[in-house]
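Novice: In order, the protein sequence lines correspond to chains B and G. Residue 0 is where the first sequence starts when you use numbering that gives the first Met the number 0, and the numbers rise one by one after that. Residue 0 is where the second sequence starts when you use numbering that gives the first Met the number 0, and the numbers rise one by one after that.
All clues given are correct.
Any copy will do: because identical chains look the same in the list, a pair fits if it lies in one copy or spans two.
Straight-line distance between alpha carbons at most 16 angstroms, and here's what the computed EDC-like set of lysine to aspartate or glutamate pairs gives: (1) K195 to D218; (2) K253 to D207; (3) K163 to D225; (4) K244 to D130; (5) K163 to D218.
Keep in mind that the hints were calculated from the coordinates and are not lab data.
2 protein chains.
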Amino acid sequence: MKIAISGKGGVGKTTVASTLVRLFAETHNTVFAVDADPDACLAAAVGIDDEQIESVKPLVELKEVIDERMGTGALYPINPKVDDVLDDYSIPLGNIRFLRMGAIKQGGSACYCRENNFLSAVMSALLLDKDDVVVMDMGAGIEHLTRGTARGVDVMLVVIEPSKNSVNTAKTVKQLAKDLGIEKVRFIGNKIRNQKEKEFVLNQFEADEILGFIPFDDDVWESSMDKGPAAEPGGELLRNMKKIKEKLLQEVAKGRD
Amino acid sequence: MKIAISGKGGVGKTTVASTLVRLFAETHNTVFAVDADPDACLAAAVGIDDEQIESVKPLVELKEVIDERMGTGALYPINPKVDDVLDDYSIPLGNIRFLRMGAIKQGGSACYCRENNFLSAVMSALLLDKDDVVVMDMGAGIEHLTRGTARGVDVMLVVIEPSKNSVNTAKTVKQLAKDLGIEKVRFIGNKIRNQKEKEFVLNQFEADEILGFIPFDDDVWESSMDKGPAAEPGGELLRNMKKIKEKLLQEVAKGRD
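Could you build the full structure based on these sequences and the hints that come with them?
Specialist: The structure is reproduced here in C-alpha cells:
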C-alpha cells in the first residue's frame, strides 16, 4: 500500500505521517517512510536522532548513480525483495526504512523539480509485497500535486484543521489528485476542539471521504519546543490514528476486490 | 521598501503579511500586496472578496505579453509611476494593489518555476518611490529561497511559532537569504502563550534580530472557520504589528544611511 499525506502548511501532516509509520511498523514487514519535502521533519518525528538524519544520502543522488550506469533517463524497476539498491539511501529503524527526497541547497541555486521527478519515478517503480507500506510526507500546499510527485499512490490522505483556508486547500488537493488518476482521496480532521469544529469539517465533505478526527492536544503543542527525537505519540492521537489505519486498510482492500 | 514574509507552513505568514499591508496602506502611497504562493490566501486576508480574486490575471501571464512584444528573455524595467503595465494584473483596494504570482494548474501538469522566475524579475525591476511598499507573502518552507524568488528585497521577515520545527526552518531561511544577498533577516514570534514560549524564541536568535512578538489569539482561531473576507485584525495583533511596522521602517532607514 502506498499512501501520500498532504494538506496546507501547519495542519499536522508530519504528526499524522509519523504516527501512521509507527502503527504500520507494528503489523507490517517493511514501512518506507519518505520525506518528500526538503523542509520537513519526518525523520525526527519517527524517532531517528539528529546525527543519523544528517547521514542519510538524499534519494536524488541515486539518480546520478543510475544515470552513470545506465544512461540518462533510464527507467529502473526497483523491487525491495530482490534489490538492495535503496539500502544505501535509507536509514533502518526496526522495520522502518527512512528515505528523504533531497538535501537543502544553497539559496538561489535551484528548484526541487529534479528531486520530485526522481522520487515520483522511484515510488512508481517500487514493487511492494502486500505486507509492505510506503508513507510519503509531502510538502505543504499544492505544488507537489501540479508536479505529480505522488502519482501512483493508492490513497492521498489530506489533513485538515477546522479553518476555511485548510479546507480550501484540501478541496484543491482533491481535484488535483483526481487529475493524477489517484482514485482514493480521503480526509482527516485534526486539532478538533469541539462539536462545532467537527461539524464544520463534516459539512465540507462526504461522510465516507472522512476517515476520522483527532482532537486538539495541548501536549503536542507543549512538546513542540523540546529538542531531540519526538516522544511517542500521545494516547488520544494514537487511539484515533489506530482507527484511521484500520479504515485505510479496509479502503485499499475494497479497491482490490 | 520591499519585504518578503516567509516561514514554516502554518506559522501565520498570511496573517502577518495582510496586517502589514493594511498598516502600510494607512501611511504610504501604494502598497503592492503580492501572493507568491499558488496555495495562499493573502487576497481574502487583505479584504478582497472571492469573486474579485477570481478575476485577477496571474502575473505570469504578463510574461507572455512581454515575450510577444519584445522577444523571449527580455528584461523589463517597470516603474509604477510612469508605467501602468501592472494595472491589468492587479486589483486595487484603496491604495493597496493586489497581485498574484500564478493560478492553480492541473494535477501533474507542471511546476511553478516559470512563475517564480518571472515574479523575481518583475519585483527586482520594480522601481519604488520612497512612499511605496511591496509586501510579498511567500510559499511555506524553503523552495522559494533555493529558487531565489525574493532576491532583492530589503528585509526577509521570518515568522516563527514556539516550536523547534519552525525555528529550524527559520534558521535555514536565514542562511539561504544570506546566500541570496539579503542583508536584513528579521524574526517575529507568533502564537506566544506565555513567558516560557517567549524565552524559547529569545534564546534562538540575537535580540536585535527579533522585531516583536504576537500573543496567541483565540479569536483568530475561532474566526478561521468563517466564510467571506477576513475581518479587521484584532486589537492585540494590530497593536503588536504597529510596533513591528515602526521597527521595519527604522531598520530600512538605517540601511540607507
